[in-house]
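Student: With these hints in hand, go ahead and build the complete structure from the sequences.
Protein sequence lines, in the order shown, are assigned to chains A and B.
According to the working numbering, the first sequence holds residues 1 to 466 in order.
According to the working numbering, the second sequence holds residues 1 to 466 in order.
Among the hints, erroneous ones may be present.
Treat identical chains as interchangeable: a pair holds within one or across any two.
[As the list claims (entries may be wrong)] Think about it this way: if two alpha-carbon atoms lie no more than 25 Å apart in a straight line, the pair counts; the simulated DMTMM-like pairs of lysine to aspartate or glutamate are:
{"no.": "1", "residue 1": "Lys437", "residue 2": "Glu119"}
{"no.": "2", "residue 1": "Lys437", "residue 2": "Glu116"}
{"no.": "3", "residue 1": "Lys437", "residue 2": "Asp150"}
{"no.": "4", "residue 1": "Lys313", "residue 2": "Asp277"}
Honestly, the hints are just simulated from the structure, not real lab data.
The primary structure of each chain is shown beneath.
Number of protein chains: 2
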Amino acid sequence: MTRMPTTRSLVLISALAAAGLDVPAASRAQAPRDSALVERYGATAQRLIAAATRDTSAWLRIAELTDRFGSRISGSASLEHALDWVLEQMRRDGLEAVRGEPAMVPHWVRGDESLELVEPRATRLPMLGLGRSIGTPPGGITAPVLVVSDSNELAARASEAKGKIVLFDAPYVSYGETVTYRVRGAVLASRAGAVAALLRSVSPFEMRQPHTGVTQYDSTARPIPFAAISIEDAMMLHRMQLRGQPVVVTLKMQARMLPDVPSRNVVAELRGSERPDEVVIVSGHLDSWDVGTGAMDDAGGFVAAWEALLVMKELGLRPRRTVRLVGWTNEEYGTRGGLAYRDAHASELGSHDVAIESDGGVFRPSGFGFTGSDSAFAIVRAVGRLLASMGADTVTAGGGGTDIEPIMARGVPGMSLNDDGRRYFWYHHSESDTVDKLDAREVAKCVAAMAVMAYVLADLPEQLPR
Amino acid sequence: MTRMPTTRSLVLISALAAAGLDVPAASRAQAPRDSALVERYGATAQRLIAAATRDTSAWLRIAELTDRFGSRISGSASLEHALDWVLEQMRRDGLEAVRGEPAMVPHWVRGDESLELVEPRATRLPMLGLGRSIGTPPGGITAPVLVVSDSNELAARASEAKGKIVLFDAPYVSYGETVTYRVRGAVLASRAGAVAALLRSVSPFEMRQPHTGVTQYDSTARPIPFAAISIEDAMMLHRMQLRGQPVVVTLKMQARMLPDVPSRNVVAELRGSERPDEVVIVSGHLDSWDVGTGAMDDAGGFVAAWEALLVMKELGLRPRRTVRLVGWTNEEYGTRGGLAYRDAHASELGSHDVAIESDGGVFRPSGFGFTGSDSAFAIVRAVGRLLASMGADTVTAGGGGTDIEPIMARGVPGMSLNDDGRRYFWYHHSESDTVDKLDAREVAKCVAAMAVMAYVLADLPEQLPR
Numbered sequence: 001m002t003r004m005p006t007t008r009s010l011v012l013i014s015a016l017a018a019a020g021l022d023v024p025a026a027s028r029a030q031a032p033r034d035s036a037l038v039e040r041y042g043a044t045a046q047r048l049i050a051a052a053t054r055d056t057s058a059w060l061r062i063a064e065l066t067d068r069f070g071s072r073i074s075g076s077a078s079l080e081h082a083l084d085w086v087l088e089q090m091r092r093d094g095l096e097a098v099r100g101e102p103a104m105v106p107h108w109v110r111g112d113e114s115l116e117l118v119e120p121r122a123t124r125l126p127m128l129g130l131g132r133s134i135g136t137p138p139g140g141i142t143a144p145v146l147v148v149s150d151s152n153e154l155a156a157r158a159s160e161a162k163g164k165i166v167l168f169d170a171p172y173v174s175y176g177e178t179v180t181y182r183v184r185g186a187v188l189a190s191r192a193g194a195v196a197a198l199l200r201s202v203s204p205f206e207m208r209q210p211h212t213g214v215t216q217y218d219s220t221a222r223p224i225p226f227a228a229i230s231i232e233d234a235m236m237l238h239r240m241q242l243r244g245q246p247v248v249v250t251l252k253m254q255a256r257m258l259p260d261v262p263s264r265n266v267v268a269e270l271r272g273s274e275r276p277d278e279v280v281i282v283s284g285h286l287d288s289w290d291v292g293t294g295a296m297d298d299a300g301g302f303v304a305a306w307e308a309l310l311v312m313k314e315l316g317l318r319p320r321r322t323v324r325l326v327g328w329t330n331e332e333y334g335t336r337g338g339l340a341y342r343d344a345h346a347s348e349l350g351s352h353d354v355a356i357e358s359d360g361g362v363f364r365p366s367g368f369g370f371t372g373s374d375s376a377f378a379i380v381r382a383v384g385r386l387l388a389s390m391g392a393d394t395v396t397a398g399g400g401g402t403d404i405e406p407i408m409a410r411g412v413p414g415m416s417l418n419d420d421g422r423r424y425f426w427y428h429h430s431e432s433d434t435v436d437k438l439d440a441r442e443v444a445k446c447v448a449a450m451a452v453m454a455y456v457l458a459d460l461p462e463q464l465p466r
Numbered sequence: 001m002t003r004m005p006t007t008r009s010l011v012l013i014s015a016l017a018a019a020g021l022d023v024p025a026a027s028r029a030q031a032p033r034d035s036a037l038v039e040r041y042g043a044t045a046q047r048l049i050a051a052a053t054r055d056t057s058a059w060l061r062i063a064e065l066t067d068r069f070g071s072r073i074s075g076s077a078s079l080e081h082a083l084d085w086v087l088e089q090m091r092r093d094g095l096e097a098v099r100g101e102p103a104m105v106p107h108w109v110r111g112d113e114s115l116e117l118v119e120p121r122a123t124r125l126p127m128l129g130l131g132r133s134i135g136t137p138p139g140g141i142t143a144p145v146l147v148v149s150d151s152n153e154l155a156a157r158a159s160e161a162k163g164k165i166v167l168f169d170a171p172y173v174s175y176g177e178t179v180t181y182r183v184r185g186a187v188l189a190s191r192a193g194a195v196a197a198l199l200r201s202v203s204p205f206e207m208r209q210p211h212t213g214v215t216q217y218d219s220t221a222r223p224i225p226f227a228a229i230s231i232e233d234a235m236m237l238h239r240m241q242l243r244g245q246p247v248v249v250t251l252k253m254q255a256r257m258l259p260d261v262p263s264r265n266v267v268a269e270l271r272g273s274e275r276p277d278e279v280v281i282v283s284g285h286l287d288s289w290d291v292g293t294g295a296m297d298d299a300g301g302f303v304a305a306w307e308a309l310l311v312m313k314e315l316g317l318r319p320r321r322t323v324r325l326v327g328w329t330n331e332e333y334g335t336r337g338g339l340a341y342r343d344a345h346a347s348e349l350g351s352h353d354v355a356i357e358s359d360g361g362v363f364r365p366s367g368f369g370f371t372g373s374d375s376a377f378a379i380v381r382a383v384g385r386l387l388a389s390m391g392a393d394t395v396t397a398g399g400g401g402t403d404i405e406p407i408m409a410r411g412v413p414g415m416s417l418n419d420d421g422r423r424y425f426w427y428h429h430s431e432s433d434t435v436d437k438l439d440a441r442e443v444a445k446c447v448a449a450m451a452v453m454a455y456v457l458a459d460l461p462e463q464l465p466r
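Tutor: Structure representation (structure tokens):
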């Protein structure tokens, strides 16, 4: 896709001549901007990259955070303890304006839970209740299972679903596509008269481990308990049904919503040298699900943003605008951190240059995704080219993150760090989301990419055009 | 390695001239044998391969067996039910001399078990007691953990081990090398005064799932409870120790040995047309650990052998010698099936041509391993070349299997089916050893390889030279 610079963004490069550069026609419009940026920021970018990739401090910090506090679900003491620790560390790091910004968050608790196969043979199946699900009566729900491959099959067999537990055995296509069963499955099954629902975990590959995640109820159907099982067991129950064997399970879940509790977004800054009220956000979220240690989702993303600030500080770099580090709370089931930020900073959003979030693991970075005006996109792509030496220079259209969506909806351009996420969904929302899956050198490259992108965008003469 | 045919094996190819064949010098000695075998058996081998790979019946049978009975540990009702079912199916298949041959097997039961991290933070860690381990007192054992990377570190820090729980965090090198910690860890830790031991699971890759397997005690040290934890948690506890944090756990295990119980090797035959008392064994084991469904270890291996017999039967092929299918019992912790066979058939072992076992998963086959005389090895390599069209023609020196070791020790040549086992140890002895990991086309190729090798060896004019 070729995007032409607008008049406004051309101001940025007005001093430069485009002539004489031997570049492909499609790139010609960007060539002068690239040259100007390389001239102005090339050396600084290389210093940031060198400093960020010199050691494994980011990986060690992800390890320490996740080892110390484990999983950090909204509403839990472990999340609040982790936030306290991060605030203390940010103060020790000498960052500026360190603070917690309050947000009330939902409080879902899993409680004890189990799934027993009763027929055709008795065995316990690994399961995880889905976030926001209701529980079962104390004695559980024992019912026959109806396995369906997709919503069309459920529609076709709706008359068989009444009084049963519907299992959605939908093979993984992509996270975006397949996750609709996790989000909508309880409603779909309930409408057909099911008494509970089960989900084949939304993952391209796993090893008999369920993956949790948020689900939804709505006013069209009575809420029913909803839990994920492993891919392996979903396929097995499906085979049993295809053989004509009756499949009966007992599902027990103590899951319940408790009243909202106070939490915080944690914030720290490197104040801008010229325009401190203009802000570039670098961020990740600090809450996780209540399984594994949330190392990829998303301690890694937050720590990459944190370390990006530290690298600038260490090099004595202070951009024109403020770089604001935000560790969001409650990304996983409510976005209350993102909403609270939007409301607390409503009057300042016009001076928010851009918001960057890393929430896709911190594997080898490939670049960024961007959502904003065409003219801003052209600038961001040019900045991205400063990351060519790491192979992280691909800036694609479309980017953002759950936590920054509320301010993006108010006009703030949004960006996501993109990385080699091929294995991300193997571990996502499961017991195996742990720091050992992350490579320290790749994490350091993510820090470098965040540092260069945030620094340059915060230092450009003009705010990104909206 | 070039092995020259002996005088005795040359009899097989005495009618053929070696001259005029344009083959590399190293292969020249085998060329006449190859030609004779191809001439005699090439068309039959292709028919066997075509029949074996025509459908997915072997995969479906592994699925049905493992879905119906789940895991099948020695001493369990599920193993005996599975053996009953297999005997019934073998009779339905019209196989000959279908029978169970008795063996008394050990009976280890896991009981309830758990591992709680107490310090530095409270959380439950996934664990699996190791086979044959003793249990803990009912209240469990709460003690500090000493993490060591290997036995040298334990030796160097033996004075710190007294009264502690020793965790062996030995990175995976190879199964053969690293499994020594599973087998010997309790003895090593007990000698140093430890009250229990933990093991980083023996696997190159997993997803926070422990892998069980047999361990041993000996007279040099008091038995102590011994359990596997996930690779992830072993690394985490090690990091905690390196940070100077005290690590304390509570280990509870009800594991215990009960009196031996009767079990069976299941046996069926395709009786030889000319020399029915001479026997080629094709086999796998039907017991498993008590986690997952033992699809790779080793329902798949047994079913591949079973289906190999059925393919011969279906094609109306009856070799000179008897092909005997054996589904061994108690491979995992006692080899009582293999020992019982040795004793029951002691007087007939001289007329056992060869014993083949598949116990390494049934992924894409590459060929066979062989243990026997050089002259027999040359013949088996030549037979292996009949599998070239499937890429399964590599016969390597050294082969066998736990169950056939007792008769190999009495002189019977032994063989193992070799396959692409790169992922085998990802799943081995864990909850994720399930049939979905196997590819139906690859399983069918294993059946074909077993069928061709067993048929031709059973039909050769002469018994394999010892």
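Student: Each of the hints needs a verdict: does it hold here or not?
Tutor: Hint-by-hint comparison with the structure:
For a Cα distance limit of 25 Å, the shortest separation of lysine 437 from glutamate 119 across copies, 24 Å, qualifies, whereas the shortest one inside one copy, 37 Å, does not. Within a single copy, lysine 437 and glutamate 116 get their C-alpha atoms only as close as 31 Å, which misses the 25 Å cut-off; across copies the closest is 23 Å, which meets it. For the identical chains of this complex, lysine 437 and aspartate 150 are inter-copy neighbours only, at 22 Å across copies versus 32 Å inside a copy, given an alpha-carbon limit of 25 Å. In this assembly of identical chains, the alpha carbons of lysine 313 and aspartate 277 lie at most 25 Å apart only when taken from the same copy (19 Å versus 84 Å across copies).
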